[in-house]
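A.B. asks: Read off the chains here:
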Amino acid sequence: MRKFILLSALFASAPVSAQQAMTDSSPHADHAMSMPMTEGDAQCPPEHAAMGHCTPQAEAVTPPHAGPSAAALSGPEYAADAVWGAGAMEPARRSVYAEHGFMNTGKILIDRLEYAAQKGRDGYSWEGDAWYGGDYNRLWTKFRGEGAAGKAIESAEVQALWSRALDPWFNIQAGVRYDIRPKPDRAHLAVGIEGLAPYLFDVNAALFLSDRGDLTARVEAEYDQRITNRLILQPSVEVNLAAQDVRSVDVGAGLSSVEAGLRLRYEFVPEFAPYFGFEYEGLVGRTARLARAGGEDANRAKFVIGIRTWF
Amino acid sequence: MNDTTLGRRSLLRAGALGLAGLGFDMKFPAWATTGSAGLRADMPTLAGEDIRLRVAHDRFSVGGRTGHAITINGVLPAPLIRLREGQTVRLHVENTLDEDTSIHWHGLIVPFQMDGVPGISFPGIRPGTTFTYEFPIRQSGTYWYHSHSGLQEQVGHYGPLVIDPAGAEPAAYDREHVIVLSDWTFLHPHQVITKLKQKDAYFNRQKQTATTGEMSVAERISWSKMRMDPADISDVNGSTYSFLINGHGPNENWTGLFRPGERVRLRFINASAMTIFNVRIPGLPMTVVLADGQPVRPVETDEFQISVAETYDVIVEPTSDQAYSLIAEAIDRSGMGRATLAPRVGMTAAIPPLRKRPTLSMRDMGMGGMDMSGMDMGGTGAPAMGGAACPPEHAAMGHCKPGQPAAPMHHGMREKSLMPPTVKVGVGVDMVSAMPVDRTGDRPLGLEKEPHRVLTYHDLAPLVPFHDKRPPTRTIDIHLTGNMGRFMWSFDGRKMNEGAEPIRLERDERVRVNLINDTMMNHPIHIHGHFFELVTGQDHGHPIKHTVNVMPGGIASFDLTADAPGDWPLHCHLLYHMHAGMMNVVKVRPMDDGEAA
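Same order as they appear, the protein sequences are chains L and D.
In this text, residue positions in the first sequence follow the UniProt record's numbering: the first is 1, and each later residue adds one.
In this text, residue positions in the second sequence follow the UniProt record's numbering: the first is 1, and each later residue adds one.
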């Protein structure tokens, strides 16, 4: 079909130097960038002409946007069926369509596994999540807990959520949260959003309704500031709120606690990073008063050291 | 690759050789063996009317490590197939794998059922079976072939295909070498895509940091507001890839021989899964004579960017008795392929250091036509459009009507109203180019400021004009869309598995296709079964291609004559973009002349 009349004579002449075109190209780019479409024929600005949509002489016009003709819609839907048979093509077709775009993946992230040193009361804690699914729907679990060094686990919770992509960056998540510790254990309905906010903040906000009717909320945000490609400084903040007093866990109504952390990690590989840092935890309002009444400190500062890993 | 890395890799390699001896014997086809004198008639090249290819599990070594590969006839790259225009060929492909395979003849004009795409052109080649492709050769030039099944292409299932013209050779030469560029990883390809899904920009170890980059604080803030990284150039790169030239890593230094004074033709094929290369031979100008297998008017340059799946034939004329380094630098400068052209084996030339990683600009974000000084890149306010509230470019896309008062245009990075209703702006679309411009005349990404000559598409002129001179009768817009963070890629916001409406063309109709890039990445878009004319608007004519690299935030348009009835894939040739959904089917009907329904 495409036979080229091969003009060796044409080639035998010295190669046309691209110098002219080459020297043109860069200034042109600058020009297009800085002052587009401001000169020449208004009906056919250079930008448009360059696309071949028109020529300055207005001889050719951009063909209209239009749907396919009736003839284009005719014939068999699948051309290959006529050659290889629908029976042979159908399974291959199903798999090629599924293969190009559908994929389940999973990830387990242990965001923090750390030892916390603080005055008179060293402790440990963990926090992470794991998910499995496709681009839109995922089964999502979250887990966290802590305890004092050498003692039993003080608090531990797990969440099992269905995660649905809301927009390019955020997921809405709904499911259950179960507090294994402290005793008595509690179950909650959980609903929240999780994602990447403008300015690259990782945000996690959730509402919890416990089996005793208590409504609480938790909002977390963190930010990865790359100092180098491996050294990352991560400020983080967590705020807890309660709609009412939750006596069983010494939480008072209103803003109940604020945690602020600063962790510096080194990613040997993206999947493995040890870190150290500081965390401040402050109980607020009625919760703080409850703590003080119980003889506990309302403010704690701790030095943390730990690892972050995922696979 | 800097000197330190080279040094370390050399040591590793030496160590491995020392420990393991020569236990594993790498096999290369004759043309890809280092010290090759070039393609010669006496080589065991696959030619003739019956060609046998055997697809098998294999091992491949580079940089002192050995990993799993899928090879054809036991070599990587696969054997050179050399055909002649006008002949008919039967290619018998035996599948010894435990999974389906296929071979797509990239750039060849074949009946659709011989195009080799499972599920679209044929059922695929089952394990333990042999499939025979048969078709007439109706063209000449430099092409290639590769698997279209799963991610097999990443692990070695690709090779060169050269067709000699029936008549006189348009680009005469004394000696020729095939230069197959590719990327190799020891990660399983499914691991590669899993990492990309698990963590945004997983492979990028050259991100912008507080201690690097020249951006002002204000610019950094505006990029982070958009949740974009201006250093996001290449999804998979030198942090895992070894860049290969004819199957050889940079230290293996594949060497092609020449005699000073000869006209040496280099047939470049970018057979990479994901890597766009900048190609140069310091000290040696290159005259481009073919692009995508089609002859172009000879044009001399010092560097060209070859996107994935493109081919360029160049002529070089080294006159002195010295070696030249052939450098194929990855677009994000995370590594390079390196080979040597020399009069004798063992000679080497200096290796230029890797240049600085390019940084994306607002032009790459689809803000190309805007007065950037006055705009709010975050999209909270109306940009300073002034009198250009409805430039023709925008009007042509139906976004506004010229002459009417400027509607408030909030050009954020994802303004849904700028998209036609046929595009689904959902989870899978994190950006909408507010003002995309034709970038076929732009220097490729990262080569804007090189002091030497750099090829652009505008420099390519067909040696023989395209046979169909009719103007196109209708325009089709295809938006290239994606979500970087979730690693979703699509056309018009729909991944292939989401049931995108096929692109339906009437047989022999001529259409203008606008590829509008609503992402900040380059996408090499390839259509099967057809050549198109890339609309460059140049007086010297439009080059004839099968693959076009659409620059970030830009537009590339082509005119297509739908003269091949059947079903044809249209896809991004970045393997993992295609696998993530950036693919659709072009249906050309009716199948037969005179067929009614």
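Some clues are possibly wrong.
Unchecked claim - Only pairs whose alpha carbons sit at most 30 Å apart, straight line, appear in this in silico DSS-like list of lysine-lysine:
hint, chain 1, residue 1, chain 2, residue 2
1, L, K151, L, K183
2, D, K197, L, K107
3, D, K469, L, K107
4, D, K199, L, K107
5, L, K107, D, K225
6, D, K195, L, K107
7, D, K207, L, K107
As the list claims (entries may be wrong) - Some chain L residues near chain D, calculated using beta-carbon distances under 10 Å:
hint, residue
8, A88
9, F102
10, L233
11, Q234
Don't read these hints as lab results, they were simulated from the structure.
Backbone N, C-alpha and C define an ideal beta-carbon position, used for all residues, glycine too.
A.B. asks: For which of the previously enumerated hints does the structure constitute a violation, in increasing order of number?
C.D. replies: Going through the list in order, the structure violates hints 3, 11 and respects the others.
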